[in-house]
Each structure stands twice: as structure tokens, then as C-alpha cells.
Amino acid sequence: MRLALWLSIFFLAIQASAQTRTSGDATVTGAMGAGTLTPRAALEIGLHVADSYALKVSSPDGSALYLLDRSAKAGLGVTPTGARLDVSGRADAGEVGLELRAGNSTSSLTSAQIAFGAANGAYRHNIRSRATGTQSAGNALDFYLWTSSDAVYSLGSSYVMSLQGSTTTLLGVHVSPSTQSVTAELVVSSGTVYAGGIILAADAVGAPCFSDIKHDLGRLEKKEREAAQAELLALRPVSFRYKGDLLERKGFVYEEAPASIRDGRGAIVLDERLLNLELVLQAAQGRIERLTAELTHLERRGR
Amino acid sequence: MRILPLLAILAFAQTLHAQSIFDSELWVSSKTGVGTSSPGARFEAKGTSATSSVFQVSEVDLSPAVRVGPDGTLGLSTASAARVTVSGAADAGDLALELRGGDLYPATSNYQMTAGYAGGTLYRHSIRSKHATSVSSNSLTFSVWNAADASTAIGTREVLVLLTHSTGTTAHVLPPAGAAISTYTLQLIVSNGSGVGGGTMRRKSEGTVSSALIKDGIRSLGPEAERQAYEDVRALRHVGFRYKAGKGRKQRGLLFEEAPATVRTPEKSVSVDRRLLNAELAARGLLRELAELEKEEEGLR
Numbered sequence: 001m002r003l004a005l006w007l008s009i010f011f012l013a014i015q016a017s018a019q020t021r022t023s024g025d026a027t028v029t030g031a032m033g034a035g036t037l038t039p040r041a042a043l044e045i046g047l048h049v050a051d052s053y054a055l056k057v058s059s060p061d062g063s064a065l066y067l068l069d070r071s072a073k074a075g076l077g078v079t080p081t082g083a084r085l086d087v088s089g090r091a092d093a094g095e096v097g098l099e100l101r102a103g104n105s106t107s108s109l110t111s112a113q114i115a116f117g118a119a120n121g122a123y124r125h126n127i128r129s130r131a132t133g134t135q136s137a138g139n140a141l142d143f144y145l146w147t148s149s150d151a152v153y154s155l156g157s158s159y160v161m162s163l164q165g166s167t168t169t170l171l172g173v174h175v176s177p178s179t180q181s182v183t184a185e186l187v188v189s190s191g192t193v194y195a196g197g198i199i200l201a202a203d204a205v206g207a208p209c210f211s212d213i214k215h216d217l218g219r220l221e222k223k224e225r226e227a228a229q230a231e232l233l234a235l236r237p238v239s240f241r242y243k244g245d246l247l248e249r250k251g252f253v254y255e256e257a258p259a260s261i262r263d264g265r266g267a268i269v270l271d272e273r274l275l276n277l278e279l280v281l282q283a284a285q286g287r288i289e290r291l292t293a294e295l296t297h298l299e300r301r302g303r
Numbered sequence: 304m305r306i307l308p309l310l311a312i313l314a315f316a317q318t319l320h321a322q323s324i325f326d327s328e329l330w331v332s333s334k335t336g337v338g339t340s341s342p343g344a345r346f347e348a349k350g351t352s353a354t355s356s357v358f359q360v361s362e363v364d365l366s367p368a369v370r371v372g373p374d375g376t377l378g379l380s381t382a383s384a385a386r387v388t389v390s391g392a393a394d395a396g397d398l399a400l401e402l403r404g405g406d407l408y409p410a411t412s413n414y415q416m417t418a419g420y421a422g423g424t425l426y427r428h429s430i431r432s433k434h435a436t437s438v439s440s441n442s443l444t445f446s447v448w449n450a451a452d453a454s455t456a457i458g459t460r461e462v463l464v465l466l467t468h469s470t471g472t473t474a475h476v477l478p479p480a481g482a483a484i485s486t487y488t489l490q491l492i493v494s495n496g497s498g499v500g501g502g503t504m505r506r507k508s509e510g511t512v513s514s515a516l517i518k519d520g521i522r523s524l525g526p527e528a529e530r531q532a533y534e535d536v537r538a539l540r541h542v543g544f545r546y547k548a549g550k551g552r553k554q555r556g557l558l559f560e561e562a563p564a565t566v567r568t569p570e571k572s573v574s575v576d577r578r579l580l581n582a583e584l585a586a587r588g589l590l591r592e593l594a595e596l597e598k599e600e601e602g603l604r
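Quick note, the sequences are listed as chains F and B, same order.
Last residue of the first sequence? That's 303 in our numbering, and every number before it is there in order.
Last residue of the second sequence? That's 604 in our numbering, and every number before it is there in order.
Just chain F, with the same shape it has in the complex (with noise of 0.2 Å):
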């Protein structure tokens, strides 16, 4: 009897050992380690070797709410696939698949909603928002880069480009990068030329103008209104193709072109030629003025 007892007591310990089951429910004061047995955290889930998940999370019906597999990819209600974190959904039927909340204040850009960084966390490119409840200014998404002028693990400070809402115009996208001296803040290319793109716009060309946000100015007057005139009739104009590209244009070849036109980089800016075109008009009117006055002399000494 006794050596019956014993045996159950035995055979009871090494089930234990085997496979232990809890119908209620388990509480664990101290640490707890699943496949090891040194936690070194408050829940360690230590992989062994076979093992294709570390961490499931499943609904009900046994299917899979969160992954975590054994190269530390996890996906939310998917396998994971190529992606560090793989995320199920459907925005169709109203579901957002990431939602950020650290968002800055419109007084502050402390830090960054996504940070873009190198494979060791440095050279953090990053997106801010910034979010203001009470007007429609000052909300916006900023995008920076990292540059060497920054830090290795600090965030990219070189201001890029921004959407934003403004007071006036409701909402728009402000390419707004550094105050350094730059070749372009927007350059739009074509498939196969830099800076060969085409703009479609209502309003296209609209430069600020205020004269409180110009200084050193000059009124042009006769000396550059002629220089103009020399300079539209020394443009030699061409057609041309772009290499690379079949559509046949019509336009001038920056080498051949006037320094006043010239941006320096290999682009003829059209705020000067338009600019030059206007000082020429007004130059030609002024010769119209003056042979009419002529004629009208001529006419009267011949009567």
C-alpha cells in the first residue's frame, strides 16, 4: 500500500516534469522564462532551435492575431513575409494599418514620427508632423534629412520639403530646404532628361514680390532696356531634340545664350528672358513715340 503511494507520487512529479497543465488561471510573481531558464527580463521567450515561431498571439479560433518568428519578424494578422513588422488590413473597409501619435505641437519639433536610419541607427532621415486643433496653419508634414553636418545618431535636420495647411491657401506642398545656396529647391525631370519634366499648373510662374522682402534695389532704366534689346537680338534660337527623348522643341542652347538669361548651372531662366522681353517693349515704345512724333512733324512741314 505504501509502495503504491510512493509510485503515484512519483509518477505524478514526473508528469510535472513532462507537461504541466493549469486550468485556472496562472499568476507569476517573480520572472518568468518560457524556453529558458535564466529570464532576464520580467517574460523571456528564449527560441530553441526548431522552433518556426517565438511569440503567437491567437484569436478564439486559433488563427494568428500577432507573429513573432524566429528572425524577429513579426507580422499582425499576417505571416510574415520580407518585413521586419508585416501588417494586415483593409483601408477599404476603413481600417488604418499604422497610426502614429507622437506628433509635435505647431510650437515645437522636438522629434520625428518615423525616423529612417541606417542598418546601426544612424543617419536618421525623418518625417515630423506638427498639429495645431484650432486653425487650420501651422498643421503639417515635415520631411528631413540627415546630413553630415548632423550628429551620427541624432535626427536629420536639413529641412526638405513640407505639406502643410496655411491660413490661405487650405493646404499645399512647400519645398522648403535649407537656407544654404542650392542648384535647384525643386527640380522636375522627365523619364529620361534631368529637369526635363513638365509642370501642369493654372498659375504656374507666381514669384514673391513685396519690396519689404527685397533690398539693394535699382530702378532698370534706359541703359538696361538697351542692353535687353542687344541681348533678345543676339539670342540665335533653335530647334532640337533632348537626347534620348523624340519630341522636337523649340528654345535656345544655354552655351550660345547671354549671361542675363543664364542661371550659371545649364538652365536659362524664364523669369529673366520674360524679364528682358518686357525691358525690350518698353524700349520699342518709346521709339514709337519717338518716330511718330517724327512723322507727325514730317507731315505737318510738308503741308
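Be careful, since some hints might not be right.
Below 35 Å or equal to it, Euclidean Cα-Cα: the simulated DSBU-like pairs (lysine-lysine) are [what the hints assert, rightly or not]:
no. : chain 1 : residue 1 : chain 2 : residue 2
1   : B       : LYS334    : F       : LYS73
2   : B       : LYS571    : F       : LYS250
3   : F       : LYS214    : F       : LYS250
Honestly, the hints are just simulated from the structure, not real lab data.
Could you slot chain B onto chain F? The hints should help.
Below, chain B alone, put in the same frame as chain F:
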């Protein structure tokens, strides 16, 4: 004395079936199943219909640091409103999401973020980052999938590149290399919310790339081109109008249907560049005529 171990074991077994409390550490060297007797991972937590959180890692104050809800949403420091929701406060220096998989320039082997369609990997748009230790060549590239890509491939059409140069930064609207202009008739459209292409751009100046190095078939335009341009400018029928979409301000301009062919573009817009070129050519012709008249007038004196 012998009865004590038995009582202890019985008491232990009872705790196991009702509520097990481990006052010290618990080590499980095999698999752990919570809510399931057949764990499909090293650690599996399976919810029930009554579960409000299937898996949670709590902070010291018991607020959720990581929480998986029964609807399959993941919340980091918050309950989930989206599939993944991350809380934080940038004003306090928090960064919500950090992706460290960027390419080191000039490598372009993979992407940092893709956006697929309806729970699958179809039609994926992407954001790729490139990093360089120099001032130049740091970039964020936004690509869009289109029908020329395999349905499960990541889109290869680069649309926008934010790029650093040795002297600053540039936003580069950039269709994929090698694509013909006839394929991509417009590269940048600026709309105003009520009409496609009805927007306004503001900038200091605008240039046209013009070096002979990037051109083929260069041919001089002679007096005939000037005469044609003069006729085209004379034939322009300027109008005042408002765009139908919205209630914009009154504007001045041209009607595409009435504009001469020399200023019309294949994508049915009137080109400012071509209008300016025509005006320049016409003005040159006028100046020459004016000079001849002045010479004639000189002779009459």
C-alpha cells in the same frame, strides 16, 4: 512524517487546477500555452471570446506597453485604433517609429516601408532611404506601383526623391529613368483642390535645362520662324475667365482650342515657355522692322 510530502503534493495539485501562483520565478524549458493545450510557438497566448486583451506587457503603473487585442490590433503604449498604434509625445522627445533598414549609399537593395493592398502584398508602393556619411547623397525616395510591375512586386516607379547635395537639399520630381516623355506627359501637377492643374506655384525663378550637351538635332530658327511667331502672337485671342471648378478669382489667359499650334502641348495645355519663345521671336522681328523704319525716317530728314 510520511504523510507530509503527500499532503504537500496534493495541495500543489489543487493549486494547479484552480489558480496557480508562483511566488518565485517560473521557468518553462519546453513550450508554453496560455489558453491552449497545443502551443504553436515557443509561447502562445490564445484569447477567448471574453478576452479584452489577448497579450499584454504592462509598465510599472500597469498601463500597457505592448498590447494585442482580440481584434488583432497591436498597441504600443496605447489601446489600438489602427492595426498598429504607437503612442508618444514628440514634444517630449519621443520618437514613434524607427526603421533601421536603410541602404548605405550607393546600395539600393531594399526598402524601408511598403504599403500593400487589402491585407496582401499586391501593388505595393514604397519608401526607400539611402544614407551616406557625407553631406551629399542622403535621400528618401517615394515609389509607386503600376501595372508594368508584377502584381506582387514592390513598385519601381520613382516619383519623388528628397535629396541632399553638397550645397543643400532638393525635392526632385523624378519619373523612372528610361521612361519616354511620351509615356509620362506630365511630371508635376499642381492642383488647387477644385480643378486638376488649377493650382498656383510660387518661387523665385524657374529655368529650362538648355545645355547643348543634352540636346540632339540642333537646328537654327531663321526669319521664317520669326515671321510665324509674329503671326501667332498677333493671332492670340486673350480672354478673361474663371475656372468652372470652385469660385476662383477672375483670370486672364488663352483658350486651348483657340491657341496656335506652336504654343499648344500634347497634353492639352498652353505652354508658358512656348508663348514666351514666340513673343521673343516676334519681338526680334519687330525690332528689326523698327530699325529699318528709323533708318528710313533718317533718310527723310
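Here is how each hint holds up against the structure:
no.	hint	result
1	B:LYS334 x F:LYS73	holds, 19 Å
2	B:LYS571 x F:LYS250	holds, 18 Å
3	F:LYS214 x F:LYS250	holds, 34 Å
Violated hints for the displayed structure: none, as all numbered hints are satisfied.
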